[in-house]
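The lines below spell out each chain.
There are 2 protein chains.
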Amino acid sequence: MTHDVNVALLPRIARQTDSKVLVVVMDGLGGVIDPASPTALERAKKPNFDAWAKEGALGRYVPIAPGITPGSGPGHFSIFGYDPLGLEVGRGVLETLGLGIDVSPGDVTARANFATAAADGRLLDRRAGRIATEEATPLARALAAAVPAVDGVRIEIHPGLQHRFALVLRGAGLCDAVGDTDPQAEGVPSLAPAPLTPAAERTARVVAEFLRRAHAFLAGQTKANHVLLRGFSGRPAMPTLAERAHLRPVAIAAYPAYLGVARLLGMDVEPGVSPKSTVADEVTALEKAWKKPYDFYFLHVKGTDSAGEDGDEDRKARVIEELDRELPRIRALAPDVVLVTGDHSTPGPLKAHSWHPVPFLLHGRWVEPDEQTRFDERACAAGRYGSWFPALSLMPVVLACAGKLAKFGA
Amino acid sequence: MTHDVNVALLPRIARQTDSKVLVVVMDGLGGVIDPASPTALERAKKPNFDAWAKEGALGRYVPIAPGITPGSGPGHFSIFGYDPLGLEVGRGVLETLGLGIDVSPGDVTARANFATAAADGRLLDRRAGRIATEEATPLARALAAAVPAVDGVRIEIHPGLQHRFALVLRGAGLCDAVGDTDPQAEGVPSLAPAPLTPAAERTARVVAEFLRRAHAFLAGQTKANHVLLRGFSGRPAMPTLAERAHLRPVAIAAYPAYLGVARLLGMDVEPGVSPKSTVADEVTALEKAWKKPYDFYFLHVKGTDSAGEDGDEDRKARVIEELDRELPRIRALAPDVVLVTGDHSTPGPLKAHSWHPVPFLLHGRWVEPDEQTRFDERACAAGRYGSWFPALSLMPVVLACAGKLAKFGA
Numbered sequence: 001m002t003h004d005v006n007v008a009l010l011p012r013i014a015r016q017t018d019s020k021v022l023v024v025v026m027d028g029l030g031g032v033i034d035p036a037s038p039t040a041l042e043r044a045k046k047p048n049f050d051a052w053a054k055e056g057a058l059g060r061y062v063p064i065a066p067g068i069t070p071g072s073g074p075g076h077f078s079i080f081g082y083d084p085l086g087l088e089v090g091r092g093v094l095e096t097l098g099l100g101i102d103v104s105p106g107d108v109t110a111r112a113n114f115a116t117a118a119a120d121g122r123l124l125d126r127r128a129g130r131i132a133t134e135e136a137t138p139l140a141r142a143l144a145a146a147v148p149a150v151d152g153v154r155i156e157i158h159p160g161l162q163h164r165f166a167l168v169l170r171g172a173g174l175c176d177a178v179g180d181t182d183p184q185a186e187g188v189p190s191l192a193p194a195p196l197t198p199a200a201e202r203t204a205r206v207v208a209e210f211l212r213r214a215h216a217f218l219a220g221q222t223k224a225n226h227v228l229l230r231g232f233s234g235r236p237a238m239p240t241l242a243e244r245a246h247l248r249p250v251a252i253a254a255y256p257a258y259l260g261v262a263r264l265l266g267m268d269v270e271p272g273v274s275p276k277s278t279v280a281d282e283v284t285a286l287e288k289a290w291k292k293p294y295d296f297y298f299l300h301v302k303g304t305d306s307a308g309e310d311g312d313e314d315r316k317a318r319v320i321e322e323l324d325r326e327l328p329r330i331r332a333l334a335p336d337v338v339l340v341t342g343d344h345s346t347p348g349p350l351k352a353h354s355w356h357p358v359p360f361l362l363h364g365r366w367v368e369p370d371e372q373t374r375f376d377e378r379a380c381a382a383g384r385y386g387s388w389f390p391a392l393s394l395m396p397v398v399l400a401c402a403g404k405l406a407k408f409g410a
Numbered sequence: 001m002t003h004d005v006n007v008a009l010l011p012r013i014a015r016q017t018d019s020k021v022l023v024v025v026m027d028g029l030g031g032v033i034d035p036a037s038p039t040a041l042e043r044a045k046k047p048n049f050d051a052w053a054k055e056g057a058l059g060r061y062v063p064i065a066p067g068i069t070p071g072s073g074p075g076h077f078s079i080f081g082y083d084p085l086g087l088e089v090g091r092g093v094l095e096t097l098g099l100g101i102d103v104s105p106g107d108v109t110a111r112a113n114f115a116t117a118a119a120d121g122r123l124l125d126r127r128a129g130r131i132a133t134e135e136a137t138p139l140a141r142a143l144a145a146a147v148p149a150v151d152g153v154r155i156e157i158h159p160g161l162q163h164r165f166a167l168v169l170r171g172a173g174l175c176d177a178v179g180d181t182d183p184q185a186e187g188v189p190s191l192a193p194a195p196l197t198p199a200a201e202r203t204a205r206v207v208a209e210f211l212r213r214a215h216a217f218l219a220g221q222t223k224a225n226h227v228l229l230r231g232f233s234g235r236p237a238m239p240t241l242a243e244r245a246h247l248r249p250v251a252i253a254a255y256p257a258y259l260g261v262a263r264l265l266g267m268d269v270e271p272g273v274s275p276k277s278t279v280a281d282e283v284t285a286l287e288k289a290w291k292k293p294y295d296f297y298f299l300h301v302k303g304t305d306s307a308g309e310d311g312d313e314d315r316k317a318r319v320i321e322e323l324d325r326e327l328p329r330i331r332a333l334a335p336d337v338v339l340v341t342g343d344h345s346t347p348g349p350l351k352a353h354s355w356h357p358v359p360f361l362l363h364g365r366w367v368e369p370d371e372q373t374r375f376d377e378r379a380c381a382a383g384r385y386g387s388w389f390p391a392l393s394l395m396p397v398v399l400a401c402a403g404k405l406a407k408f409g410a
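So the sequences go chain by chain: C and E.
Just so you know, we're using the numbering used here here: the first sequence kicks off at 1 and counts up by one.
Just so you know, we're using the numbering used here here: the second sequence kicks off at 1 and counts up by one.
It should be emphasised that the hints constitute simulated quantities derived from the structure, not laboratory data.
The reader is advised that the hints may include incorrect statements.
Stated by the list, open to error - Below 27 Å or equal to it, Euclidean Cα-Cα: the simulated DSS-like pairs (lysine-lysine) are:
{"no.": "1", "chain 1": "E", "residue 1": "Lys288", "chain 2": "E", "residue 2": "Lys276"}
{"no.": "2", "chain 1": "C", "residue 1": "Lys288", "chain 2": "C", "residue 2": "Lys276"}
{"no.": "3", "chain 1": "C", "residue 1": "Lys20", "chain 2": "C", "residue 2": "Lys351"}
{"no.": "4", "chain 1": "C", "residue 1": "Lys351", "chain 2": "E", "residue 2": "Lys288"}
{"no.": "5", "chain 1": "C", "residue 1": "Lys351", "chain 2": "E", "residue 2": "Lys276"}
{"no.": "6", "chain 1": "E", "residue 1": "Lys54", "chain 2": "C", "residue 2": "Lys351"}
{"no.": "7", "chain 1": "C", "residue 1": "Lys292", "chain 2": "C", "residue 2": "Lys276"}
{"no.": "8", "chain 1": "E", "residue 1": "Lys20", "chain 2": "E", "residue 2": "Lys54"}
{"no.": "9", "chain 1": "C", "residue 1": "Lys288", "chain 2": "C", "residue 2": "Lys20"}
Source: prediction; values computed, not measured.
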């Protein structure tokens with residue numbers, strides 16, 4: 001029997017209630033405690049977060065294990081109580097689901113780029129000069145019409161932003177163990193789609209034939225004359241949040257990968273948000289969703305991670321301040337339990353995701369407050385939950401604080 | 001799937017880099033926090049360790065589980081990320097490998113002592129009066145020549161210090177499940193080598209015949225007329241640090257058991273160190289090794305444990321001070337990450353290994369400093385990592401701080 005209570009106990013003890021939980025994920029929120037360089041949370045003026053911190057309890061959680069840096073997928077899954085070590089969720093399926101395209105068990109998806117290749121096959125630009133969405137979308141639709149199927153396998157092409165699109169293969173006997181064709185470098189040709197297991201041989205042949213026909217179709221294009229594929233993946237088998245904890249969840253998120261996570265967990269998606277939305281727009285969508293019969297709200301803010309990746313702690317602080325200004329509107333909704341955190345740390349000085357524990361703030365009637373009065377890494381490390389709280393314990397605590405878990409055993 | 005990330009993730013995410021990691025193990029370093037009796041770390045004047053403590057982060061780790069006292073083998077394996085509960089590594093194979101003797105899968109080794117027995121077989125001295133190495137070595141070589149094989153099994157005898165030698169059996173169908181012949185007491189006869197499983201019956205017969213011939217050969221000796229065997233063991237199957245984490249490791253250690261651990265993990269051994277070496281000699285060997293293309297350095301200091309076993313906290317403090325005086329030379333090497341710790345606690349008042357969490361100090365660019373300013377048990381308990389950090393998380397954190405782990409998942 002597993003000792004992960006999300007798996008072993010939640011389906012037995014979770015009960016549906018009217019209480020409403022809000023989980024706010026500021027992507028890449030955490031920084032590195034460093035006397036020489038304040039973190040974005042330390043730089044930001046955020047009186048509303050700090051007021052919540054004073055009333056609630058703080059800590060830092062470990063997404064996977066100490067020292068392990070999570071990608072965005074594993075980071076989010078662990079917050080929601082899904083052990084990332086037991087899941088292999090490809091980026092292809094996350095992005096495809098995030099575009100609102102259904103992916104069923106047995107389908108195979110990949111992330112695709114339009115690219116520019118020279119006559120001899122060498123890649124000149126892996127992103128086709130970041131071709132405009134307005135130009136790329138009709139081209140993707142024409143390509144879809146030109147290659148609707150290969151060898152009995154249905155081929156779907158779903159346009160994304162700029163050079164990006166999602167490829168979906170639907171048919172019997174497919175296998176996602178196919179290697180990337182994107183060499184992740186320019187000046188070299190793209191790779192042939194390689195079967196990584198014998199079971200994937202037919203799928204790799206179908207992909208190769210698709211690419212042959214696609215390149216023939218695109219031959220007249222000056223920029224987008226080539227297709228690169230990566231992240232071949234299928235839909236993993238996992239219980240939804242409704243199956244696991246009788247929740248009625250909804251997501252407010254702007255980017256496909258996070259909507260993909262939400263859809264895999266069976267969340268509805270509140271409309272009205274796009275990558276062009278402001279944080280205030282997202283909170284407006286949250287307000288709309290609040291009137292609906294959901295009891296679990298996931299609000300994702302992307303800007304913190306992008307700023308961290310760029311090494312810009314000041315910009316990251318401004319994103320935190322932007323959300324802080326909207327907190328009075330969120331408080332007015334009177335959520336029963338609020339968890340504010342990140343899906344991983346992205347310290348500006350490191351300019352990348354990191355393994356450092358992720359700060360979190362928990363607020364609610366049954367949360368034991370600590371002595372901390374502001375929301376930042378140092379306060380979280382000194383807070384109620386310390387620096388080494390396991391990610392998979394967040395959901396049980398959040399649901400318990402919301403009165404959604406019955407006792408275990410007589 | 002295992003949740004030990006050393007096994008499940010490191011082989012996938014570890015990457016070779018130029019950064020250099022130093023792990024300093026002061027054997028049996030930890031003491032017991034006790035208002036009535038300061039620990040050796042509290043007694044020692046160690047300005048250089050304290051300076052590192054101020055810049056870095058402290059904690060105490062749990063070698064196996066709270067309450068479990070490790071031997072030296074399990075203690076070391078856990079620091080290096082090898083779960084001791086999944087490994088049974090006998091003292092025989094550690095000592096034999098430590099003498100520089102190769103042990104292949106299928107071989108069986110044992111630790112051997114020359115001893116003194118009376119005519120009726122009762123043991124008079126389990127160590128043959130601690131016979132001098134100069135006297136014991138030629139005797140061991142003569143014994144080896146007298147009994148080169150038994151029943152098709154090759155017999156090797158490798159002299160150690162004083163009365164100690166290593167016995168190695170090489171041949172087909174051997175099994176290490178043989179009981180000790182050393183009764184761990186004097187005034188009683190030695191034990192017959194007992195097969196602990198049916199598969200070990202032939203091995204036990206070979207050992208019994210070897211002992212019969214050895215005792216006949218030694219009959220004329222006054223001191224060393226008997227042989228005692230213990231710790232029958234074979235080489236366990238385990239990945240090297242190169243296989244697990246793409247490391248290029250080297251060990252600086254004076255005693256065979258620790259060199260045995262190092263060799264099992266695939267470490268090279270830097271020459272120039274012996275049980276007669278001072279701590280300064282070991283640091284000189286470290287300096288030499290630093291010029292070579294290694295990226296993982298294991299420096300072992302024995303004296304702390306021996307002093308703890310003798311109940312002499314002041315002597316233990318002096319060993320710590322001896323290393324502290326050499327730290328400026330180590331700092332001059334500019335290691336990217338340093339871990340200073342013990343393989344277990346050996347509190348002087350207990351005069352034995354103990355289960356108490358083991359103090360550690362972590363230093364490096366991406367280590368989040370805490371508020372602690374000296375390196376001792378109390379400061380470590382109040383430090384960033386607390387008193388209950390799992391040993392198996394040390395390696396992932398150390399490698400992450402050295403930039404040697406890529407992220408997990410998209």
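Against the structure, the hints come out as follows:
1. For the given pair, Lys288/E sits about 18 Å from Lys276/E by alpha-carbon distance, which is consistent with the 27 Å threshold.
2. Pair hint Lys288/C plus Lys276/C holds up; C-alpha atoms about 19 Å apart against a cutoff of 27 Å.
3. Note on Lys20/C and Lys351/C: the hinted pairing is violated, with a Cα-Cα distance of about 35 Å set against a maximum of 27 Å.
4. Restraint check: the Cα-Cα separation between Lys351/C and Lys288/E comes to about 35 Å, which exceeds 27 Å; the hinted pair is violated.
5. Of the supplied pair hints, the one linking Lys351/C and Lys276/E is violated, its CA atoms being roughly 48 Å apart against a limit of 27 Å.
6. Restraint check for Lys54/E and Lys351/C: satisfied, since their Cα atoms lie roughly 26 Å apart, inside the 27 Å limit.
7. Between Lys292/C and Lys276/C, the direct Cα distance comes to roughly 24 Å. Compliance with the 27 Å bound is thereby established for this hinted pair.
8. Restraint check for Lys20/E and Lys54/E: satisfied, since their Cα atoms lie roughly 21 Å apart, inside the 27 Å limit.
9. With a CA separation close to 14 Å, the supplied pair Lys288/C and Lys20/C stays within the 27 Å bound.
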